[in-house]
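Chemist: Heads up: the protein sequence lines correspond to chains A and B, in order.
FYI, the numbering used here numbers position 183 of the first sequence as 183, with every residue one higher than the one before it.
Each position in the second sequence, counted from 1, maps to that position plus 325 in the numbering used here.
These are computed hints drawn from the structure, not numbers from a lab.
Be careful, since some hints might not be right.
[Stated by the list, open to error] Partial selection, computed: residues in chain B whose CB lies under 7 Å from chain A: (1) GLU371; (2) PHE373; (3) GLN453; (4) HIS454; (5) THR626; (6) SER636; (7) ALA638.
Source: prediction; values computed, not measured.
Every residue gets a Cβ at the ideal spot worked out from N, C-alpha and C, and that includes glycine.
The chain contents come next:
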Amino acid sequence: MDYSLNELTRAYRLMKTIREFEERIRSEYQQGKLPGFIHMYRNQEAIAVGACLDMTNDDYIASTHRGHGHCIAKGCELEGMMLELACKQDGLCNGKGGSMHIADMTKGMLGANAIVGGGPPIAAGAALTAKTLQTGGVSMAFIGDGASDQGTVAEALNLAVVLQLPMIFMYENNFYAEFTRNPKPEGRIAERAGAFGMPSVVVDGSDFFAVHAACREAIERGRNGGGPTAIEAVSARYYGHFEGDPQAYRDEAELRAQREAGDPLPHFLADPRTASLDVKTVAEVDAAIFAELDRTVELALAAADPTPEKLYTDVYVNYEGRAMQ
Amino acid sequence: MKMSMREAINLTLHEEMARDNRVVIMGEDVASGQGGVYGVTAGLTEKFGVARVIDTPITESAIVGAAGGAALTGLRPVAELMFIDFLGVCLDQLLNQIAKFRYMFGGQARTPLVIRTMIGAGEGTGPQHSQILYSMLAAIPGIKVVTPSNAADAKGLLAEAIRQDDPVVFCEHKALYLSECDVPEGDYVIPFGKARTVVEGTDITLCGLSRMAVLAEQAAAELAAEGISAEVIDPRTLSPLDEESILASVSKTGRLVVVDESNPLCSMASEISGMVAEFGFDYLDAPVQRVTAPHTPVPATPCLEKDYVPSVADIVRAAKKALAY
Ligand SMILES: Cc1ncc(C[n+]2csc(CCOP(=O)(O)OP(=O)(O)O)c2C)c(N)n1
Ligand SMILES: [Mg+2]
């Protein structure tokens with residue numbers, strides 16, 4: 001497959017944005033400037049970007065608790081994201097969602113999800129919309145190796161096959177669910193999905209080109225009425241389950257090796273297909289990313305909190321004025 | 326001995342497992358890693374081995390259902406539903422299966438099962454990890470619902486939960502895990518359906534559930550400084566509920582504030598208010614006051630979450646309103 005310079009630059013920019021966005025929020029979080037729990041996506045960037053590169057705002061994704069990368073790859077603005085992670089009034093969800101429930105309907109980003117396995121049935125519903133309204137859209141659920149065991153995932157797989165939905169089950173096998181090693185051998189997840197009656201493949205999740213090729217095929221299949229696809233992308237988790245988890249349960253030498261082998265950015269830049277992406281362009285992209293991060297962090301930290309009455313907005317009845325409030 | 330609620334629960338699990346080898350622990354990350362996100366099951370694997378401390382996949386329906394089936398047939402499982410919010414994933418097994426066995430099977434079946442689960446807001450965990458939901462469970466015949474407000478009660482109630490023969494949902498407020506008090510050593514069992522009088526008083530009854538019992542105690546201290554004698558009652562078990570003790574207190578004080586972190590509609594606060602209105606009407610000198618969370622989800626942003634959770638000031642205000650009636 002040939003890639004235009006434009007496509008390569010976009011893929012690089014998105015992967016690098018995810019990487020630096022997260023490194024930046026990690027540091028802000030460690031200084032106590034961001035609330036809640038955050039889950040780092042490092043070394044899985046090629047999965048989100050490879051998955052979403054061919055999507056438009058009419059395609060949908062349902063994300064997970066580890067959702068920053070999915071948001072950025074789907075086109076969410078850093079400003080709205082940063083404000084949301086800081087839980088501010090002008091965040092994508094007015095501060096009511098935070099990192100684990102961030103969503104952007106204008107971008108077809110149907111939400112991060114703090115319920116493991118919560119996303120796939122919702123993504124199936126979005127695929128049903130696309131199919132019924134004949135929008136040509138597809139829908140993708142991101143699913144962790146741990147989440148792959150959840151009953152909701154099996155039910156969504158079956159429904160997608162029965163209804164021949166334009167859907168992609170994008171499994172991210174990062175070898176861990178919280179503090180527990182995934183006991184399933186590589187490929188088992190794809191095999192299971194395949195057993196429901198859909199094409200399924202296993203790809204190296206640190207290889208943008210491998211992920212992208214698999215997703216392009218799956219998206220085309222969906223758009224052309226060919227039904228669902230499952231992809232298992234494998235790339236070891238870099239940091240702890242959530243920020244602050246020192247992951248003492250991991251073997252140090254193995255982790256070191258996985259960290260190095262799983263970094264998608266050097267893979268990408270060393271690939272002959274990216275030869276047209278020169279050092280100067282890369283430097284310019286990087287500089288723009290850092291500048292945007294500086295701007296959005298400063299803005300988010302200084303931004304206004306939601307005012308108290310916002311507690312009662314976006315409900316259809318608030319019972320305000322009753323004794324209990 | 327002085328210890329935190331988290332330590333008291335951990336100690337009780339150790340003691341009960343040593344006492345009865347039919348007691349098994351099962352759940353996500355309970356065995357490996359650090360004994361769950363908050364370390365409540367730490368050390369059990371080392372002591373009792375992986376045959377009795379069982380790490381499960383992320384499959385709440387199977388965890389709760391299998392624990393129920395095991396309880397039905399001779400084990401005494403203590404299953405962990407990490408957050409009560411995950412009830413959404415597995416409710417059928419609890420509602421239509423486990424809760425029904427004893428009655429539906431004509432008394433032949435008993436289900437000595439404990440489901441330990443975390444409840445409550447205040448820790449910045451957002452809309453899908455902060456709910457209370459015990460009221461919903463207390464509305465289901467066939468399940469006992471327990472929620473301790475301190476380490477000593479946690480020990481006595483958990484021991485009883487494990488030793489008695491019916492399904493119990495044991496709700497642990499995560500904001501109480503580190504709160505310490507003296508905990509009786511050795512065998513310590515608190516029967517269900519017995520409220521604890523936290524503070525004796527004569528002017529008004531503050532009935533606080535779970536963490537709200539702690540806040541009610543603080544409110545009583547503030548009221549005492551103003552010469553108001555508040556009695557604080559902690560029902561400890563929501564089903565069965567010690568209606569007698571609540572009514573006895575109201576018969577003495579003539580006024581009642583129920584403090585419950587639930588959403589207000591169909592809450593334990595509503596249940597207790599209704600019960601007192603029906604059976605304690607003659608004792609009442611003022612309308613029963615409910616202090617609850619608002620009828621909204623729990624917002625992620627800490628500034629709104631703070632307003633969401635009932636405060637000591639809310640309790641004092643409600644008490645004064647009842648007293649001024
Ligand atoms: C229904 C449900 N069960 C359990 C959890 C707690 N939990 C949060 S993330 C997680 C591990 C998920 O592992 P995986 O799906 O592999 O995703 P990863 O964290 O590796 O991205 C667990 C058990 C949850 N949030 N929701
Ligand atoms: Mg994982």
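Chemist: Each hint: holds or not?
Modeler: Checked hints:
1. A least Cβ separation of about 14 Å between GLU371(B) and chain A goes past the 7 Å threshold, and the interface hint is therefore violated.
2. Interface restraint check for PHE373(B): the shortest CB-CB distance to chain A comes to about 18 Å, outside 7 Å, so the restraint is violated.
3. At about 4 Å, the closest approach between the beta carbon of GLN453(B) and any beta carbon in chain A falls short of 7 Å, and the interface hint on this residue holds.
4. Among the interface hints, the one on HIS454(B) holds; its C-beta lies about 6 Å from the nearest C-beta in chain A, closer than the 7 Å criterion.
5. Of the supplied interface hints, the one on THR626(B) holds, with its beta-carbon coming within about 4 Å of a beta-carbon of chain A, less than 7 Å.
6. The beta carbon of SER636(B) is not positioned within 7 Å of any beta carbon in chain A (closest approach about 12 Å), and the interface hint is therefore violated.
7. Against a cut-off of 7 Å between C-beta atoms, the interface hint on ALA638(B) is violated, since the closest Cβ of chain A lies about 13 Å away.
When held up to the earlier numbered hints, the structure conflicts with 1, 2, 6 and 7 and fits the remainder.
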